[in-house]
Amino acid sequence: DAKTTQPTSMDCAEGRAANLPCNHSTISGNEYVYWYRQIHSQGPQYIIHGLKNNETNEMASLIITEDRKSSTLILPHATLRDTAVYYCIVRVAGVGNQFYFGTGTSLTVIP
Amino acid sequence: GAVVSQHPSWVICKSGTSVKIECRSLDFQATTMFWYRQFPKQSLMLMATSNEGSKATYEQGVEKDKFLINHASLTLSTLTVTSAHPEDSSFYICSARPPRANTEAFFGQGTRLTVV
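As you go down the protein sequences, you meet chains A and B in turn.
Note that the working numbering gives residue 18 to position 18 of the first sequence, counting from 1, and the numbers run on in steps of one.
Note that the working numbering gives residue 96 to position 96 of the second sequence, counting from 1, and the numbers run on in steps of one.
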């Protein structure tokens, strides 16, 4: 699986959009970009994933660059409960294919 | 979304004893489940892939005789930490995916193991 690079930490003001970047310059054509988050002492929570098109759901938006070498997770209106570690993972789709976690970005939403 | 449940949520055991952690997929069948370990302030580290009806596949550096994995049914995988030592104290997390193409994995709530 391709490696990802994320900033170690970020701050965001409550109510503002949180934009979390991820570089995956070695991504292959059949690898998807997944985003998860982990709130302290809990299991990771799925946020969103995509292959090449931008995606949006009730939690967030995922913007993937045209060359697919980077992506941005957008939380449109950050709340204090969005404080967590956010992981960007790239992997080939398939039931048996593992998720390997990098170091992630620790997002702190500030009141 | 789909639910993956772990039990227990936390456990304290004496050094030298064995501890079993259960991982259940509650509303889907999972031929494959994954076990992770997470130390404080670190990321999740994949330990092994649990395959229903066959042997688990362990990541490099993970002792298969110490971390016994059994995936006896399509909804249950167990991780047994044998002869536990204080250095095995960690947060253990399992995950599973529904058997559909291009779906996300769902994670259990984790099990906090403390060996004293």
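Hints are not guaranteed to be accurate.
The calculated label-pair distances, taken between Cβ atoms and stated as ranges, are [what the hints assert, rightly or not]:
#1 B:S83 to A:I110: 21 to 31 Å
#2 B:W10 to A:E66: 39 to 49 Å
#3 A:I74 to B:N70: 34 to 44 Å
#4 B:T80 to A:K52: 26 to 36 Å
In silico DSSO-like links for lysine-lysine, alpha-carbon gap of 30 Å or less [to be verified]:
#5 B:K41 to B:K66
#6 B:K64 to A:K3
#7 B:K55 to B:K20
#8 A:K3 to B:K55
#9 A:K69 to A:K3
#10 A:K52 to A:K69
#11 B:K64 to B:K41
#12 B:K41 to A:K69
#13 B:K64 to B:K20
#14 B:K66 to B:K55
#15 B:K14 to B:K41
#16 B:K41 to A:K3
The hints are simulated quantities; they were obtained by calculation from the structure and are not laboratory data.
These figures come from a predicted structure and were not determined experimentally.
Note that CB positions come from ideal geometry on N, CA and C, so glycine has one too.
Against the structure, the hints:
With their beta carbons about 46 Å apart, S83 of chain B and I110 of chain A fall outside the hinted range of 21 to 31 Å. Take W10 of chain B and E66 of chain A: their Cβ atoms lie about 46 Å apart, and the range 39 to 49 Å holds. One distance hint, 34 to 44 Å for the beta-carbon pair I74 of chain A and N70 of chain B, holds here, with the actual separation near 41 Å. Our hint of 26 to 36 Å for T80 of chain B and K52 of chain A is violated, since their Cβ atoms are close to 42 Å apart.
Annotation: proposed proximity of K41 of chain B to K66 of chain B holds, straight-line Cα distance about 24 Å (limit 30 Å). A distance of roughly 26 Å separates the Cα atoms of K64 of chain B and K3 of chain A; the hinted pair therefore holds under the 30 Å criterion. At most 30 Å may separate the alpha-carbon atoms for a hinted pair to count; K55 of chain B and K20 of chain B meet this at roughly 17 Å. For the proposed pair K3 of chain A and K55 of chain B, the alpha carbon gap of about 28 Å is at most 30 Å, so the pair holds.
Using a Cα cut-off of 30 Å, the hinted pair K69 of chain A and K3 of chain A holds, with the two alpha carbons roughly 11 Å apart. For the given pair, K52 of chain A sits about 10 Å from K69 of chain A by alpha-carbon distance, which is consistent with the 30 Å threshold. In summary, the hint linking K64 of chain B to K41 of chain B is supported, as the alpha carbons are separated by about 25 Å, within the 30 Å threshold. Simply put, K41 of chain B and K69 of chain A have alpha-carbon atoms about 28 Å apart, close enough for the 30 Å limit, and the pair holds.
Restraint check for K64 of chain B and K20 of chain B: satisfied, since their Cα atoms lie roughly 14 Å apart, inside the 30 Å limit. The suggested pairing of K66 of chain B with K55 of chain B holds, with an alpha-carbon distance near 14 Å, which does not exceed 30 Å. With a C-alpha separation of about 24 Å, the suggested pairing of K14 of chain B with K41 of chain B holds against the 30 Å cut-off. At roughly 20 Å between alpha-carbon atoms, K41 of chain B and K3 of chain A fall within 30 Å of each other, so this suggested pair holds.
In summary, the structure is inconsistent with hints 1 and 4 from the numbered list given earlier, while agreeing with the others.
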